[in-house]
Structures are given as structure tokens and as C-alpha cells.
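Number of protein chains: 4
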Amino acid sequence: MIVVIKKDADKEKQDRLVDWLKSMGLGIHVSVGEYQTVLGLIGDTSKVDMDLLESLDIVDSVKRVSETFKCVNRKFHPDDSVVEIGSVKVGGGHFCMIAGPCSVETEEQIVTVARAVKAAGANMLRGGAFKPRTSPYDFQGLKAQGLELLKIARAETGLPIVTEIMSADALPLFEDVDLLQVGARNMQNFDLLKELGHFGKPVLLKRGLANTLKELLMSAEYIMASGNEQVILCERGIRTYSDYLRNTLDLAAVPMLHELSHLPVIVDPSHATGIARMVPPMALAAAACGADGIMIEVHNDPIHALCDGAQSLKPEEYAALAKKVQAVREVLA
Amino acid sequence: MIVVIKKDADKEKQDRLVDWLKSMGLGIHVSVGEYQTVLGLIGDTSKVDMDLLESLDIVDSVKRVSETFKCVNRKFHPDDSVVEIGSVKVGGGHFCMIAGPCSVETEEQIVTVARAVKAAGANMLRGGAFKPRTSPYDFQGLKAQGLELLKIARAETGLPIVTEIMSADALPLFEDVDLLQVGARNMQNFDLLKELGHFGKPVLLKRGLANTLKELLMSAEYIMASGNEQVILCERGIRTYSDYLRNTLDLAAVPMLHELSHLPVIVDPSHATGIARMVPPMALAAAACGADGIMIEVHNDPIHALCDGAQSLKPEEYAALAKKVQAVREVLA
Amino acid sequence: MIVVIKKDADKEKQDRLVDWLKSMGLGIHVSVGEYQTVLGLIGDTSKVDMDLLESLDIVDSVKRVSETFKCVNRKFHPDDSVVEIGSVKVGGGHFCMIAGPCSVETEEQIVTVARAVKAAGANMLRGGAFKPRTSPYDFQGLKAQGLELLKIARAETGLPIVTEIMSADALPLFEDVDLLQVGARNMQNFDLLKELGHFGKPVLLKRGLANTLKELLMSAEYIMASGNEQVILCERGIRTYSDYLRNTLDLAAVPMLHELSHLPVIVDPSHATGIARMVPPMALAAAACGADGIMIEVHNDPIHALCDGAQSLKPEEYAALAKKVQAVREVLA
Amino acid sequence: MIVVIKKDADKEKQDRLVDWLKSMGLGIHVSVGEYQTVLGLIGDTSKVDMDLLESLDIVDSVKRVSETFKCVNRKFHPDDSVVEIGSVKVGGGHFCMIAGPCSVETEEQIVTVARAVKAAGANMLRGGAFKPRTSPYDFQGLKAQGLELLKIARAETGLPIVTEIMSADALPLFEDVDLLQVGARNMQNFDLLKELGHFGKPVLLKRGLANTLKELLMSAEYIMASGNEQVILCERGIRTYSDYLRNTLDLAAVPMLHELSHLPVIVDPSHATGIARMVPPMALAAAACGADGIMIEVHNDPIHALCDGAQSLKPEEYAALAKKVQAVREVLA
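Residue numbers (this note's numbering), protein chains in the order written: chain A, 1 to 333; chain B, 1 to 333; chain C, 1 to 333; chain D, 1 to 333.
These are calculated hints, taken from the structure and not from any lab test. One or more of the hints may lead you astray.
Treat identical chains as interchangeable: a pair holds within one or across any two.
What the hints assert, rightly or not - Listed below are the simulated DMTMM-like cross-link pairs for lysine to aspartate or glutamate, each with C-alpha atoms no more than 25 Å apart in a straight line:
1) K63 <-> E259
2) K75 <-> E107
3) K314 <-> E148
4) K201 <-> E84
5) K75 <-> D60
6) K63 <-> D51
7) K63 <-> D10
8) K143 <-> D10
9) K194 <-> D169
10) K214 <-> D60
11) K63 <-> D15
12) K118 <-> D138
13) K63 <-> E215
14) K63 <-> D138
15) K89 <-> E175
16) K201 <-> D169
Based on the provided sequences and hints, a complete structural model is requested.
In C-alpha cells:
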């Protein structure tokens, strides 16, 4: 950590600051420049409060030079992690194609869609049973019953199932779910993250609408620090001033997360754009920039979907897209 | 709800859409213009999926003309709501001054600060016991023990206590807390909001970092629809491209929320700015634009605070600020 | 245009509003609903001030249902436009590869880079002669001399040249430039746009850092309404809360602009990301989502470039990227 | 400037970097830590390209520790600057009340409004003659004729006049304007800024919609470095995800700009909010947080204003607001 002291700062205050830092067990390297003095802090600075230092009137600025995340950090784990969900691998060259409806509605619906997406090339099935909805008056999902329907679809197709968990209370219901999704709104629900760390099953962690990559990595760190290394990151669009689509898909996050972390990174173009016809170009772009998978909403009857039909592809559209994604991956391999 | 049909849209598709809408029990008023046809939907449109409609290729755009929030809406409740926390009233002309340390640390600390802020003009005591922290390695609060220390400080001073709840699991510990705070990261933790609706104690609901005013009101609606009318809204800064301070305090939200809703609105300039010397001007600005209260961090020894000391005022600074806030309120009354 | 009147609005005020709208030559279609009255305005509403209407106390909301842009609108021009810059075509299936250094520095530099990028597959040469710099103390470009060096490089390689114009005053110097670039900061320099409309040479219009797609299209409309149809749009990253890269590349703008407008759309991943190693993945993503070209910074000696070297590829890196871009385009054709 | 070298960086590359930096005339102070090596650069680092350094593979991060702005910097000019516009002073305790219509329309209109705002407490008159409009089809102002009408209004009332300049070409027409406004869209029109530096008349520089405070200060630096010290800064709202009002008024910019710079800072709540009834609370908030003035749109007949009527106050509303602003300033003095 580097602390820049203001020009003409009171010498006595500066000495008191250095003493205080030393009292925390840190080594201090002072270098006096023409315009300012710079303190280099050596040792374990993870307990030092940067904001507090920055607020001192003699301090110009503070910079942390070593990241505070450890488990997720590529520096300490240079090889790509591969997360295994049943027989499906994700990361390190393994690409996943997650598809399915926004919400699980009926057995017929989920089994039909599961068969269709499997035939089209998907290797995991998604479907919402617990739905986070902005309005208390909107459909909130079939809950436990929806999970049972997903298991039936899995039995019929062999596809591992992915579904969202909103609260640690519901964990007992998720014992037999293959990949537990943490939605954007819960990315910083730290109590939930810790419980998922203890639970031990693979987690798909979506980036929050206004969260930085470091915050996403710190949330993954919560899960990993609690003992669970099976984490997949997911870019799903951020909130910006730009409002022509639901969110702004930040695809550069894919190569950047790969640089910062060894964890797999997938992309959800359906929720990011909110419009079915925007999904194929953005899915292809995700594949082209190195994503480890894509998660796409597919519905056999979009016009009657209870939720988010606007962003769902029809199975034949998904099949056509899956072929192109495959072709892009092959020419870039 | 208004649906604008594209010029030259297929007539048959248009008829099918109208039939489908009618099948949902809606009346449809068609007006044919020079450039487009407009469908006016009459009846209960709360179940209609706007996104789905917008995704249809014959549809140009969709606009909801009646808000989906009811309980929080000023239209159906023209008078200001007054929330009562013990003997303290908030809203409808009653101004609250909430103050205290970021985290509860020791009995001596919280009692000392409580006495100091009471003497300086505060009428509620804040202090974090459960702390949401970006990093799993940061101090997470004294938890249950912190709540006990807050109660001791309340007993010593008579100030009602305000503290953050992060998970519904912890509710039994909050039976004797006066005002339960939902933090920005949990604004859309819908399971928690519903439980707070049933719990029945007053709730301080902070706006999320990237949430719109409508989303904030819908989150308040979750609490109210579950039976609890004691909700105070709190503007605490939003995340924007602007990075010279921690967040951008959106003070215009205060008069706008007052227009949309009857609920009281307070402002937290400490978390918004993250720098103690920016707190007084922004607190005065909050009072000047009509806030129903301000929540400010005060610490008796900022340099040693375990967390967020950078944004805490000293008691004497708070006392000076409280006098000015009072003066501004008087000349504007 | 649709005007929604508030429930229980004063009837007399409403009549006055209708009269005033009629006095502007508009037809008014009134439909009275359960919760509100809706006025449909028929005729030329381009002179109606939406903001003014929205500010009236009896008005709930106003929605414009026909876009105000005409020349750029795909509705009135369904086929893709093809812009011709010398022998190079852009749009309608023609892909351009614009490459070159951030700044023109010396004859040797620009000729060397021009040859290298041509050999690597580029079909246009970029290079800054007039440089917009945030600081008055930074290098501002070689100006007229830089333009002469670009022409020498064009003579040596046959590549058409692209360079930025910052002020209409300088237009006489640009008579022999093939494609005039309007930078992000000047996207709403309306006086410059009008002059470029009269000037008649092809224009590359970059999206501003915080501009919506409609604003970008309205700026293109300024050029086209002044008589110049040769306009190429360019997505180059927007400013968001996300700060791990210089800007957030908004690739979904590519398919969306193609839907709204017939103009070609290219992408500049160099300025968007600001880091050379992020350029190849984002260039490939741009090709995959349907861009009509990419503009990339290439420098023969990045470490000594006067400006923006951090985001420049070496010629061999560019050649490798160009091959992959070509491969992606072929499998998606 | 501080350059942090990555752990395990190639020693030879590191030596080459140090040599290259020395070749630019800089002194280099190397401090080797446990996790990284830090280079402190001593001397004139204004020519060093931070982005280039950051792009090098051995470099972890780079931090500039001395600001590149000089003329505007409070460090080198501790006292508040006072800008004089005719007999009106702004800054250093002098508060300005600028008011007038969005656009100058007719002699009767501008003279009537000028008299009304003077009577209500304004000490400068604003009015747009050259109007930046998003659409080429919108009213663009009366131009030179509008300037003449403003001068008539000045002659009638004695109020100095403030009006926007969009292009350096028009400067000869502004010889007799008292305060030249640079609008948000032109904040980084560097050619215009330089010309205003040479022109020498007081300049009101508005912050761009997505510009940082440092960029605003660097734009002021352009004017001051060209020889003109008469600059007033203006916060007028930024573009964020929040869309309930036209822009998000960033009032904390006021105390922050006062800390960074000695220049006066005023606030424009009319353009920030776009709604007349939001102007009074935000104007009061601006006064409460220390602004040196407020600029407000006032129109004698809002319903018929050609432009932006929605955000204009009526004279009697302005008079009531002016009294409250004065009262707030008095109790905070």
C-alpha cells in the first residue's frame, strides 16, 4: 500500500501517522520527493482502512498495490479452473451451452423445452422456480414444485439442471440441484454466499447490475473462502445511462475476468438485452471474445410464457444459433 | 396500457394480438392514426407482460400509464405518512436526526457516542452490529453482542436505536430494535422484505446503488403489501461514472419521492460521500430540499474506528452541523 | 404523440390544452379510460415540445410514437447504405479494416505503418493529425503537416486515409482527405456537423461517451439533412460506473443501430478498451455481432509512440487478428 | 508518478524501462517490497504517457501523484477567485442570481422578463440566442438578432447579459456580451476553449454530461492557460442510469470543486431537472451546500415558450424562491 502525503504537510502529524502504522506491525518505507512524500507500507495491509487514511488532512491519496482477493486470483492459481457439473465441464477449454425457459411452468412445458434444447446442442437445462420480481404482485415462481419439475426434465434428458436460489432458508430444497445460480440482485447477499460456500455444490454467480469486476471477484471469494471452489462467473449486463436495451452487456469483462481470475466466465445475453432478436448476435460475440459458455432463454411458445417471453428464442432459432456458436469456436480454436 | 402498432403491420397478426389481449379480460380501444395504430388496454393490466408485447414484431412500443404500486402511492394516500419510532415521529413535518458510529465496537464507545449525539441534537442512535462488507476478510460486526450494546446505550440515553438487518434468519434478535435498516445491497432481497412486512416493526429502506425510484418504491410496496405501513425511504447515493466521491448523492430524489409517495424520505450523506468534510454541506443541502431527516455517522475517535472512520464527524462537528440544519429548516418553514 | 391526462384533472384546463394543441394544426383524438384520459395527437408533431407538455400539472406523461429522425431511418430506407471511400466500400456486406497509429509522427513512421497494415489486410489508413487532448499541455498533433504525411503514406500504399477534424475552420485543409472523422467529444458540435453536411465528403461519426443511440442518429441526421449521405457510424465505448477499462464497449449497439438505421456501423475497440491485449477479443466480438468494419490502432514501435501507445497493436499482432476476423466473418456469412 | 512493477517481473525488461524513463530526464527512486517493486518518478512527468506504462506487461499499475492542472489549482492559489462581470462579482462570498428565459424570442418578451427577474432579485440576465439542439429540425435560436435583443434588455435594466457561444466563428458577435457561456456539449471543444482564452471576456463553463471534475478543471485550464483568468464553473447535472428527471444534479461537486480549485462554482437546477417544480428545492440545496450562484430559467408565459418551457419558473415563483435562497445564505453565513 502506498500513501502519498501532501506537500507541506505538518511534520508532527506525519510522524504520528507513521507511528500509528508501525503499531499495526507494518514496515514503512519513506521516500521524499520534490512535490510530495510517499510512504510505502510493507507487510499485511489487509486490515488497513484505505478510506480512513484518505480522509486524513495530511494525506493526498492512497493506493493499494496488492489485491485483497486470494482464492479467486489468477496470480496464485495460474491455470484455468474447470468446474464439473455432473458430466459437464466448464472452463479450461470446455464450453457450456445452458438453455431453457425463464420460468418452469408445467411438466409438459419443461420436458418439451428440455428435449428441444438438448436436440439443439445444449448441455445443461435452466429454468426458474424461485423468481426475483421487482413487484410483489408479479408471478414469483412455482418454488419447490418447480424444482421437482426440473428434476423430471433432467431424468428425461440427462441434462444437469441450473436454477436460482434466493435465500439460504431454501437450501435444503436444493440438495439435488446440479448448479445453483445466484442472481444479480443477490450478488452481495453475503449471508447467502457464505452458506453456499458451506453447501459445497457448484455455484453460478451473476454480476450485479452496478457491480465492479473486483466486487464480483470478492463475492466469489466469499464462496471460496467458505470452502467451495466450484464457482462460475456470469456477465449479464450492467445498468448504464443507455436505455435502448434493458442493460448494457459488458463483454470486455470476459477477457478481463480471465486475466484477473482462473474461474470460468459465461455470458447471459438473454437477460442483458431483453429482446430475443438481439440474443444471437450477442451470443456469437460472447463466443468470439472467449467466454466459457452461454446461457440462453428458450421457450417452446414465447407468446404465452408467464415471464420474460420477450427475450426467449424458439427452439429452432436456438438450434441455428448453436451451430454458429460452434463454428465461431472452431475457427478461433 | 398503450400499445403502439407499427405502420404497415400485418393485419392478421394484429387481429390475433387483439384477440389474445381480450382473452385476458381486457377491453381494447383501437385508434388508427396516420403513422400508426394505437391500442388502449382497459382493465387490470397488471398481469400483462410489457416486455413480451414489445418483443412482437408488429409492435412499435408499449407504455404503462398507471403505476403498479398501490400502497406507497400518493395518488391513493394524499397526506404525508408519519412513522413513529418510540416517541420519535418522522414525516409530515417531523424531522429526524439519526446519528452514531458506523459500527458498534464497545460499550464505552457506543454509550459515549450516544450521549454526545444526544447532547448535540440527535433523536435516534444508529450503529452497525451486522455489517455487509465487500470482502470476506473485513470486520463483519459484533452481531448479537452489538445489538445488546445498542440497547445499553438506549437505556442510558433514551434514544431509539436503528441498526441494519442482513438476513431474515436474524429477525428474532431484532425484536427489541426500534427501527430496522435494510441496506442498499439488500434493497431487492425480496424474501427479507416480505419477512419485514410480517415482522411489523418500522423499517428504514435504503435505495440500492443502481436502483430507480420506481424500484425503491416497489421494494417498499413489498413491505407494505405484507402488512407493515411503517416504512421510511432513504437516499444514500448512487453509482455513476463520477468517481471523485464514493457515490453521487441524488438529492433531487427527495422532492421526487415526495411527489410519488406519501412515505417519509431521509438522506444519508455519510455513506454517499465517504468523506467527513463533505458531510456538512450535503446534510444542509438535504435539509434545504425537504428531506424528513438525516442520518450521519459520528464517532468520538475517528482515527481508531474499525470501519468507515473516514466519513465520521466528531461530536463537536456534528453539534455545529445540527444547529445549522435547524436554522435552515426554520427559515424554510 | 400520445398525451396521458391525469385522473381527476381539471376539465377546464383539459379543454384549454386541447384548444391550444388544435391551434397548432393538430388533430386530437380523445379516449377516456377508467383511470385516465388519453389524447392522440395527429399531424406534424415535430414542433410540439414534449417537455413542456409533461410539465403541465394535468398531464401524467407524454410519449412520442414516431421518431423525429428521417434521413437516417431504416423505415424510410429499408436497404443497407453502402458508403464509398475511394475504391473501398463500407456497409451492405462490405467490411472495412481501418488501421494505423494514434498520431502521425514522422514520414518514416506513417509510411512504415501504412505498409505494414496494408500487408496485414487493412484497406484504409488512420492517423491523427489534429488531436483532442484533455490537457492543454499534452501533444496536440502535427496538424496540417500531419495531413501531408498521411497523403504521402496514401501515395505509397494506395490506402484511403481517415483522420479527425475538430473544427469547421480547418475544413479547407481536409479537401483531399478521404474519410473525415468526427470524434466522440464533437458528436454534438452541431455547427461542425452542418458544415460537414455541406462539405460533402464521407464522414465517420463516433458516438459520444454518454450519448444515446437516438442522439447519435440525430447527429447523423444533421449531416444528412445538410445534403451529405455518406455517413458511417462508430461505436467506441461509453462511460459507465465500470472503470476496469477506459470505457465500456457497447457492442449491442451494432445490431440495434442496424435495426434503426440503414447506415454502416463500425467499431473501435482500441479507444474503447485502452489496452492492446483487450483489442483482439473485442475486435472478434465486433465482427461476430455484425459490425461493418473495425478501426484499430497499430504502431510499429508502441513503446515510443507519442500518444496512446498502450492501446496499439504491433503489425504482426494486427496481421494475426485480421486473419481471425476474416475467418469469423466467413463462418457467419 | 509512481509505477508499480509486477512481482517476478523480468529483470532485464525492468532495467530497460528504468533506462527509458531516465532518458526522458526523470529521476527514478526504486523501492523493492515483498510483493512488488515500486518506481518513484521524480521531475517533470507531464510528458509521461500513463496509459503506455500501464500497458507494459511488467507493470502492475501507475499512479500520478501530482495533478496536471496548474492555473485552476487551489494548491497554487489558496484564495477564492472573484470574477467580475460589469459591476457584478461572483465568488469569494459574492453570490450571483442569473435568471431569464431559455431562448430570446422577442424584444417584448426579453425586456419583460428582464424587468421581472430584476425586480425579483436577479443580478444577471440569461437568454439563449444560439441554441444547441439535438435535432436539426428544432428551433436553433434567433442568433445575432437574439444578441441584439439581449443588449436592449440590458440597456433597459442594467443587468449584465449571459448567453451561450457554440463556435469560435461567432466570437465577433460576442464583443459586447458580458459573460460567455460554454454549454455542456462544448465543454471539450478545445478549439473553442483556446479562442475564449484569447478573447479575454468572462466565461461560464458548464460541466459536460459525462465529464469528471478533473476534466472540467482541465477545460478551465485550457481557457486560463490561454491567458483568461475570468472563469466560472457550473454544475448542471450529469447523465446516469437514473431517468426520473432529465439529469442527476451532482451537488457534491460544489464543495469538491471548491476544494480542488479557487474558481467560483454555480449551479443550474433548471437544465438539470427539466421540471419547474423541482427547481426551487434544488436551488435551495445548491445555496445550502455553498454554491456561488444559481442560474434559473424564468419565463413570463411558460406555456408558450418556444423551448424548454417545462423547466421555467414564473416570475412570481422566482421572486419567492429568491427570498428563500437569500434566507438560507444568511443563516449559513
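Here's how the hints hold up against the structure:
1. K63 <-> E259: This pair counts as both: shortest intra-copy Cα distance 21 Å, inter-copy 21 Å.
2. K75 <-> E107: Neither: 46 Å inside a copy, 42 Å across copies.
3. K314 <-> E148: Intra 24 Å, inter 55 Å, cutoff 25 Å: intra-copy only.
4. K201 <-> E84: Within one copy, since 10 Å is at most 25 Å while 45 Å is not.
5. K75 <-> D60: between (30 Å within a copy, 12 Å between copies)
6. K63 <-> D51: both (10 Å within a copy, 17 Å between copies)
7. K63 <-> D10: Answer is both: 21 Å inside a copy and 23 Å across each meet the 25 Å cutoff.
8. K143 <-> D10: Result: close neither inside a copy nor across copies, 62 Å intra and 39 Å inter.
9. K194 <-> D169: Classified as both: same-chain Cα gap 13 Å, cross-chain 14 Å, threshold 25 Å.
10. K214 <-> D60: So K214 and D60 pass the 25 Å test inside a copy (24 Å) and across (15 Å) alike.
11. K63 <-> D15: both (20 Å within a copy, 24 Å between copies)
12. K118 <-> D138: This pair counts as neither: shortest intra-copy Cα distance 30 Å, inter-copy 44 Å.
13. K63 <-> E215: Answer is both: 17 Å inside a copy and 21 Å across each meet the 25 Å cutoff.
14. K63 <-> D138: Between copies only: 17 Å across chains, 45 Å inside a chain, cut-off 25 Å.
15. K89 <-> E175: The answer is within: 20 Å in one copy meets 25 Å, while 47 Å across copies does not.
16. K201 <-> D169: Both: 16 Å inside a copy, 22 Å across copies.
Checked against the numbered hints given earlier, the structure breaks hints 2, 8 and 12 and satisfies all the rest.
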